[in-house]
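Colleague: Sequence:
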Amino acid sequence: MTISSENRVSGPYPCNGSQTVFAFNFKVFKKADVRVVRAIDGVETDLVLDTDFTVTLNADQDVSPGGSITTLTAYATGVTVTITSQVAYTQPTDMKLAGGYYLSAINDALDRLAMQVLQLKSAMDRAVTLPISGLGGLDPTSLVFGVDGSGEPILRLVSDINLDTLTLTPFAATLLDDANAATARSTLGLGTAATANVGTGANQLVQLDGSGKLPALDASQLVGIETQSLADYIGLRFYTTGSDTGVYIYIDQLLLRDTSGNVVLKQNLTLGVDLTALGVNGLDSGSNTANTNYMVYAIYNPTTDTVAALASTNSSNPIMPSGYTYKSRLGWVRSSSGASPAARYLYAIFKINRDVFFRVVAGTISAALPKLSSGTQGNPTTGPTFVPITSVMIPETAAEVEFLAYNGGGAILMSTEGAGGVVNSTTNPSELSFTSTNTECRSVVLPNRVIPAGFSGQWYYAASSATAGLYLKGYRDSI
Numbered sequence: 001m002t003i004s005s006e007n008r009v010s011g012p013y014p015c016n017g018s019q020t021v022f023a024f025n026f027k028v029f030k031k032a033d034v035r036v037v038r039a040i041d042g043v044e045t046d047l048v049l050d051t052d053f054t055v056t057l058n059a060d061q062d063v064s065p066g067g068s069i070t071t072l073t074a075y076a077t078g079v080t081v082t083i084t085s086q087v088a089y090t091q092p093t094d095m096k097l098a099g100g101y102y103l104s105a106i107n108d109a110l111d112r113l114a115m116q117v118l119q120l121k122s123a124m125d126r127a128v129t130l131p132i133s134g135l136g137g138l139d140p141t142s143l144v145f146g147v148d149g150s151g152e153p154i155l156r157l158v159s160d161i162n163l164d165t166l167t168l169t170p171f172a173a174t175l176l177d178d179a180n181a182a183t184a185r186s187t188l189g190l191g192t193a194a195t196a197n198v199g200t201g202a203n204q205l206v207q208l209d210g211s212g213k214l215p216a217l218d219a220s221q222l223v224g225i226e227t228q229s230l231a232d233y234i235g236l237r238f239y240t241t242g243s244d245t246g247v248y249i250y251i252d253q254l255l256l257r258d259t260s261g262n263v264v265l266k267q268n269l270t271l272g273v274d275l276t277a278l279g280v281n282g283l284d285s286g287s288n289t290a291n292t293n294y295m296v297y298a299i300y301n302p303t304t305d306t307v308a309a310l311a312s313t314n315s316s317n318p319i320m321p322s323g324y325t326y327k328s329r330l331g332w333v334r335s336s337s338g339a340s341p342a343a344r345y346l347y348a349i350f351k352i353n354r355d356v357f358f359r360v361v362a363g364t365i366s367a368a369l370p371k372l373s374s375g376t377q378g379n380p381t382t383g384p385t386f387v388p389i390t391s392v393m394i395p396e397t398a399a400e401v402e403f404l405a406y407n408g409g410g411a412i413l414m415s416t417e418g419a420g421g422v423v424n425s426t427t428n429p430s431e432l433s434f435t436s437t438n439t440e441c442r443s444v445v446l447p448n449r450v451i452p453a454g455f456s457g458q459w460y461y462a463a464s465s466a467t468a469g470l471y472l473k474g475y476r477d478s479i
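Numbering (the working numbering), first residue to last: 1 to 479.
Any given hint could turn out to be false.
Unchecked claim - The calculated SDA-like cross-link candidates involving lysine to any residue, where the alpha carbons are at most 20 Å apart (straight line), are: (1) LYS371 to VAL444; (2) LYS371 to ARG359; (3) LYS30 to ASN16; (4) LYS121 to GLY78; (5) LYS371 to THR390; (6) LYS473 to LEU446; (7) LYS121 to ASP33; (8) LYS31 to GLN61; (9) LYS31 to GLN91; (10) LYS371 to THR439.
To be verified - So the derived label-pair ranges between C-beta atoms look like this: (11) LEU120 to THR73: 27 to 33 Å; (12) ASN180 to ASP50: 56 to 62 Å; (13) ALA339 to VAL392: 17 to 23 Å; (14) VAL128 to LYS96: 41 to 47 Å.
Treat the hints as calculated values from the structure; they're not laboratory data. Model, not experiment: these values are computed from the prediction. Positions of the beta carbon are idealized from the N, C-alpha and C atoms, including for glycine.
Using the sequences and the hints given, assemble the complete structure.
Modeller: Here it is in structure tokens:
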């Protein structure tokens, strides 16, 4: 047949909350050639075949082109439905040399071509086009887009528009003749509200500096928040080797504070401390002393924007190098009993965030876990009788401590308060209680019940075997 109409659009149909069937009268070849567009408040959405709508085609598209669509939802008043075609821009007809000659195939191929052209024409009719003779040297920026009285899109020169004939509300006229932004804000009733109040004080917006970094903040302005409760670090890893005096530090994200409560945030840090050095990346004072616990800090110089490390015997107030005014505690390390500062290697540990693990490194001062007790201690089977256990390897900031007990084929008890019953008691069991004729190792985690200024945490232990042993596996730091 011929395509006798240029129209490829049916609608838009106004919906009423009940109608779901809408007709169209243009030829298509298959259901997938039908496109349905729903508009709500000017926002268009393509509906999906067999999900949002179904299609019923007239049996003979040549005699009676078109059919109807049925939406699966009855759209409310104010919604419109428009039907058009989306015939693919392909040419599927294949005429073979010396093959059969079918008029219907030729007609369909020509009809398809006409449909494709009319689809493009429909789109072009809704587009803004330039004059056929071009712009004639006009600057494109001197043109404005508009719609004429018939709703057709038009282009006009700015110079051809008489602004005096524009119809404006009194309010719009007052706004448009404002000479500057401050006056316009006043007309809109905004005053200074639309101007960002940037700074680091109370009721101000914090703005990144020219290098994309946060400025120093006074954390006391965070009303109602205990700033020291904020996590100082995320992704902290540091370790010592057992064979040198160095601490090797890696941090994903770190908060550092000065004495006024100002905070800076630093990321992706690689730091190091050597206890044979003095000052930045070394000790804050003195020299590496035997059998001493050192707090490791990250420190920050705001003038040079430099992050470094520092070690100190002071657990909260190190002597800060010149220019460094911000600090953050990272954790403890302990020196050994070497003959000289350079030989006083640090016991091997590995810290992941708040968890500290004592390492076992062959051929170093950390060839075994720290041993807290050996042999028979107290009496785990009668009484029981406990002996107190302390360790200078456990810092004052430890919240929990993990022990490893070896029974040597006998009985073991371990208690925080030393008030547990005998081994395997069913009425008053200790935190760790076991006995076996076989040699076994078992772990137990106990709270650090004494946290004074110093390293004097205390627990209670009993062992029946002469070959029993108690070792320190690690601890959870509270900083």
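Colleague: State the violated hints by number, sorted upward, taking the hints as numbered earlier in the document.
Modeller: Checked against the structure, the hints that fail are numbers 3, 4, while the rest are satisfied.
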